[in-house]
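Asks: Each chain, letter by letter, is given below.
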Amino acid sequence: MTGITLSLTSLSYFAFILLLVPVYYLIRRERQWQVLLFASILFFIIVSGVPGIPWILLQWIVTYGGAHLMEHITSERKKKLLVTVLVLFLLTELFLLKYTKGLPFVAPIAISFYSLSVLSYVLDVYWGISAAERNPFQYLLFIGYFPQMTSGPVTRYREMKPQFQTGASFDEKLVKKGIIRTLYGVMKKCLIADQAAVMVNTIFGDTVTYQGAYVALGTMLFALQLYTDFSGCMDIILGTSECFGIMLPENFILPFSSVTMSEFWRRWHITLGVWFKEYLLYPLLKSAPMQRLNTVCVGRFGRKKGKKIPTYLGLFVVWFLIGYWHGGALHYVIGSGLLHYFYIVSGELLEPHVDQWTKKIGIDRTKGWYVCLRRLKVFLLVCSGFVFFRSETAYQGFKMLYRMILPVEGSFFRVLHVTELGLSVTGMIMMLIGCVILWSVSYLQLKGIHVRDRLLMQPVLLRYVCYVALALLTVIAMVRGYGNDVANFIYNRF
Amino acid sequence: MKKMYAKGLLIFLAVCVLFGGILYLSAIDPFRGWITKITGSEAYEQQLNASHEVETYIEKAKQDDKTTKLIIGDSVCNSLFGELDELNPDYSVLCCNKGITMAGQYILAKEYLANHEGVTDLYLMMISNSLITGFDTDFGYQYAVMPFVKTDKLSYLDEETVEEMKDLYLSPFMTKKMVCFVEESPLMKKLYLNVLKDFRPTKLTLDFPDVTTRYLQKMYQLCEAEGVTMHFMSLPLADSPQRREVEAVLREKYEASVMYELFPDYYENYIYYPAEWFPDGIHPNVERSMKNEMVKKIQEANDLDWDLRLD
Amino acid sequence: MTREAIFEKLNEIFRDYFDDETICLTDETTADDIEDWDSLEHINLIVTIEKEFGMKFSMGEVTTMKNVGAMADIIADRI
Chain F
828 MTGITLSLTS
838 LSYFAFILLL
848 VPVYYLIRRE
858 RQWQVLLFAS
868 ILFFIIVSGV
878 PGIPWILLQW
888 IVTYGGAHLM
898 EHITSERKKK
908 LLVTVLVLFL
918 LTELFLLKYT
928 KGLPFVAPIA
938 ISFYSLSVLS
948 YVLDVYWGIS
958 AAERNPFQYL
968 LFIGYFPQMT
978 SGPVTRYREM
988 KPQFQTGASF
998 DEKLVKKGII
1008 RTLYGVMKKC
1018 LIADQAAVMV
1028 NTIFGDTVTY
1038 QGAYVALGTM
1048 LFALQLYTDF
1058 SGCMDIILGT
1068 SECFGIMLPE
1078 NFILPFSSVT
1088 MSEFWRRWHI
1098 TLGVWFKEYL
1108 LYPLLKSAPM
1118 QRLNTVCVGR
1128 FGRKKGKKIP
1138 TYLGLFVVWF
1148 LIGYWHGGAL
1158 HYVIGSGLLH
1168 YFYIVSGELL
1178 EPHVDQWTKK
1188 IGIDRTKGWY
1198 VCLRRLKVFL
1208 LVCSGFVFFR
1218 SETAYQGFKM
1228 LYRMILPVEG
1238 SFFRVLHVTE
1248 LGLSVTGMIM
1258 MLIGCVILWS
1268 VSYLQLKGIH
1278 VRDRLLMQPV
1288 LLRYVCYVAL
1298 ALLTVIAMVR
1308 GYGNDVANFI
1318 YNRF
Chain D
-5 MKKMYAKGLL
5 IFLAVCVLFG
15 GILYLSAIDP
25 FRGWITKITG
35 SEAYEQQLNA
45 SHEVETYIEK
55 AKQDDKTTKL
65 IIGDSVCNSL
75 FGELDELNPD
85 YSVLCCNKGI
95 TMAGQYILAK
105 EYLANHEGVT
115 DLYLMMISNS
125 LITGFDTDFG
135 YQYAVMPFVK
145 TDKLSYLDEE
155 TVEEMKDLYL
165 SPFMTKKMVC
175 FVEESPLMKK
185 LYLNVLKDFR
195 PTKLTLDFPD
205 VTTRYLQKMY
215 QLCEAEGVTM
225 HFMSLPLADS
235 PQRREVEAVL
245 REKYEASVMY
255 ELFPDYYENY
265 IYYPAEWFPD
275 GIHPNVERSM
285 KNEMVKKIQE
295 ANDLDWDLRL
305 D
Chain S
467 MTREAIFEKL
477 NEIFRDYFDD
487 ETICLTDETT
497 ADDIEDWDSL
507 EHINLIVTIE
517 KEFGMKFSMG
527 EVTTMKNVGA
537 MADIIADRI
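Protein chains in written order, with this note's numbering: chain F, 828 to 1321; chain D, -5 to 305; chain S, 467 to 545.
Hints are not guaranteed to be accurate.
[Stated by the list, open to error] With a straight-line Cα cutoff of 35 Å, these simulated DSBU-like cross-link-like pairs (lysine-lysine) come out:
hint	chain 1	residue 1	chain 2	residue 2
1	D	LYS212	D	LYS290
2	F	LYS1135	S	LYS475
3	D	LYS(-4)	F	LYS1004
4	S	LYS532	F	LYS1104
5	F	LYS1135	S	LYS532
6	F	LYS928	F	LYS1226
7	D	LYS(-3)	F	LYS1004
[Stated by the list, open to error] The calculated label-pair distances, taken between Cβ atoms and stated as ranges, are:
hint	chain 1	residue 1	chain 2	residue 2	range
8	F	ARG1127	S	LYS475	24 to 30 Å
9	D	PHE6	S	THR496	42 to 48 Å
10	F	ILE1232	D	GLU287	41 to 47 Å
11	D	PHE6	F	LEU1176	52 to 58 Å
12	F	CYS1293	D	GLY275	49 to 55 Å
13	D	GLU47	F	HIS1277	55 to 61 Å
14	D	GLY275	F	ILE854	24 to 30 Å
Keep in mind the hints are simulated off the structure, nothing from the lab.
Don't be surprised by glycine CBs; every beta carbon is placed ideally from N, CA and C.
With the hints as constraints, model all of the structure from the sequences given.
Replies: What follows is the structure, given as structure tokens:
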């Protein structure tokens, strides 16, 4: 919490932003991006350390030069060769640093995220969507813009460049909204995610004791933990970026309100899904080999069925890689990849049949209760993926699912001693308070209400009470998570 | 923008006031319990009060129990000699732990000598881990600052030492009022100790800090002035290659320090035992009979003339 | 080919592809307006249009075209 870590929920990060904002708005608009670049370099050095610098600089120089070269080449063949070399270079660097064990290199922070952004830039220039950036330092800012340098979102050059170029004049409302969103994110992470994590770690840390319904409980709590942690981080990232008038793309839009798995991935880690769709799925499906396969399949099975085969094949490749991207291990490939692929494809194939069947027996699929059932279905399917995502290995994931349904003792059903999972009753109450706030805000958002705008319209006294309450709650949440090391020192007699 | 910052400052002040209120109440019942739970400060509660432990020893040193021999040292010393206190009415066993530093051992010695007549011997026994422990941000505040301040024994220490402590722990936190507040409020304890660690992290090095050499000397001088024979001895160690390496380094440093002139035999009489007997690498976890054997060995190695009853 | 003619042909292609005679395209029509037009169908639809008009969209155009109007503009340019 204290100490100069610049972690997203630390005082040093808030101090960093608080000091940067006035400097940013005192500078002329055209030069504001330079303040952000300077801050980003500082951020990178503090958070990632000096060993990470050469790798990001390498990507910067190679792709900056490569993009310019590509624009000057007229021969299509040579252009294709160059872009292939650049893409392979980026993928190799990412693979060696992030997904290969035992090498003496230290991966810079957020390399999995910014590598995708750089890849998208290279491909955008190749496809003529963006012109190669003239200013190498503005391009460097795009790669290393500090709010993104922990967990994304994955950005595209065409969304960021105009914003960096024009800068922003001070907009009090926007900055206020940014701060409110940041506090909300810290609250989500510290009050909900960090408390849930205690119980999740207990359950997943002892798969012998915790079987049957405990696995279900642990997985659902993990869903809560992951969502509030990741989306909380996003709130902090997008909120602090808003303070500079720079709007980053959303990564989460009420994912658990989805009624199909396909929809879920349009609401969860959105920028990752969009990247894989635009830069992998589409080029893959449009490629000549895939089109030839399409013609063959359509010829053999008719258009309706035939076109599905190459589509689902392409999707398989994409989902395999999405899973792999998460951590390069089998349990990620399954939990964040192939399992979702299976659900999405099944969903697509079953959809017309379910539609027919419900019409037959007179069920209105738009009715509230049915929609709730569909959302519950999505939640449970997503949780099944999380069992693998959270486990150490694919084997542990399978074992946990197996032991959930067929525990060694008793059946799935058992009394859940929730107070004995490492989290105190007070901790659970705090987590519940956080959840009530989360669900209230989400409910309002589901109804189409822009919560922050509404809050800013309230009478002064109510507004200030809300701000103070949110800030105090956030501070208490941060204090809760602070300094568990010293406690250990007290316990360890010497 | 100025207006926004002004409003922001207002909110920040409001939050500070409210949090300050919470902090104040965290030392007062019945709020203490709730606030401790809400802020996750359970681990810092009073039951685990390190300071109280040390204060008890300082109080004991004051009591004139008609003993004429004092045994002090670290927690390893305590594990060997602590139980012998009841069996030996002529010995006072006040073994503490390394957290009080050599300054703390000095305070105990001084307090004992000031309140006892006819003292003949003072036995100071510790392993080298305790010799390299100075004032740090892990244990120092709770085991040294708090008991010294509460028992008003800071006056026993040199100006330079008190300045060193103030520099590390900050003067305001060395006042009696603040020390008592930290003791009463688990939240304050949590915040202070963790912020201290974050901003003033201390690292343990293989060297003897000033507090060790200074107060060993002072203890020697004090004993000389009072006509007391001081014995400074080492204790059983877990035998391992790393331990041997560390001791070799420290021995060299010891022999170059002023401590060697006063107590040249400290490193001569090291006794190693099988590492399995020391599950945490420091304290011997064996039967009382084996511990008694260790005591006898110490007596032999140091050529001591003590009449300790061991059972 | 005039823009109206392009639109007429596009209507035909869309109706046939999605098996829905009620489809009536305008400049502002997007994938949100047509039920089965999702990311999985997008490429196949594009390829079908390419075949029918005897032209090719670039990858950049495929991902950045905002609506049917933009699509028609590109087609008009290409043929």
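Asks: Each hint needs a verdict: does it hold in this structure or not?
Replies: Here is how each hint holds up against the structure:
1. The hinted pair formed by D:LYS212 and D:LYS290 meets the criterion: a straight-line CA distance of about 29 Å does not exceed 35 Å.
2. With a C-alpha separation of about 25 Å, the suggested pair F:LYS1135 and S:LYS475 falls inside the 35 Å cut-off, and the hint holds.
3. For the suggested pair D:LYS(-4) and F:LYS1004, the alpha carbons sit about 17 Å apart, so the restraint of at most 35 Å is met.
4. Taken as a hint, the S:LYS532 and F:LYS1104 pair is honoured in the structure, with Cα atoms around 16 Å apart against an allowance of 35 Å.
5. At roughly 25 Å between alpha-carbon atoms, F:LYS1135 and S:LYS532 fall within 35 Å of each other, so this suggested pair holds.
6. Annotation: proposed proximity of F:LYS928 to F:LYS1226 holds, straight-line Cα distance about 26 Å (limit 35 Å).
7. Annotation: proposed proximity of D:LYS(-3) to F:LYS1004 holds, straight-line Cα distance about 15 Å (limit 35 Å).
8. Judged by the Cβ atoms, the range 24 to 30 Å given for F:ARG1127 and S:LYS475 holds: they are separated by roughly 28 Å.
9. A beta carbon spacing of about 46 Å between D:PHE6 and S:THR496 agrees with the range 42 to 48 Å that was offered as a hint.
10. Between F:ILE1232 and D:GLU287 the beta carbons are some 58 Å apart, a value that contradicts the proposed interval 41 to 47 Å.
11. Taken as a hint, the range 52 to 58 Å holds for the pair D:PHE6 and F:LEU1176, whose Cβ atoms sit roughly 56 Å apart.
12. The supplied range of 49 to 55 Å is met by F:CYS1293 and D:GLY275, whose beta-carbon atoms lie about 53 Å from each other.
13. For the hinted restraint 55 to 61 Å between D:GLU47 and F:HIS1277, the CB-CB distance of approximately 57 Å keeps it satisfied.
14. At about 57 Å, the CB distance of D:GLY275 to F:ILE854 disagrees with the hint of 24 to 30 Å.
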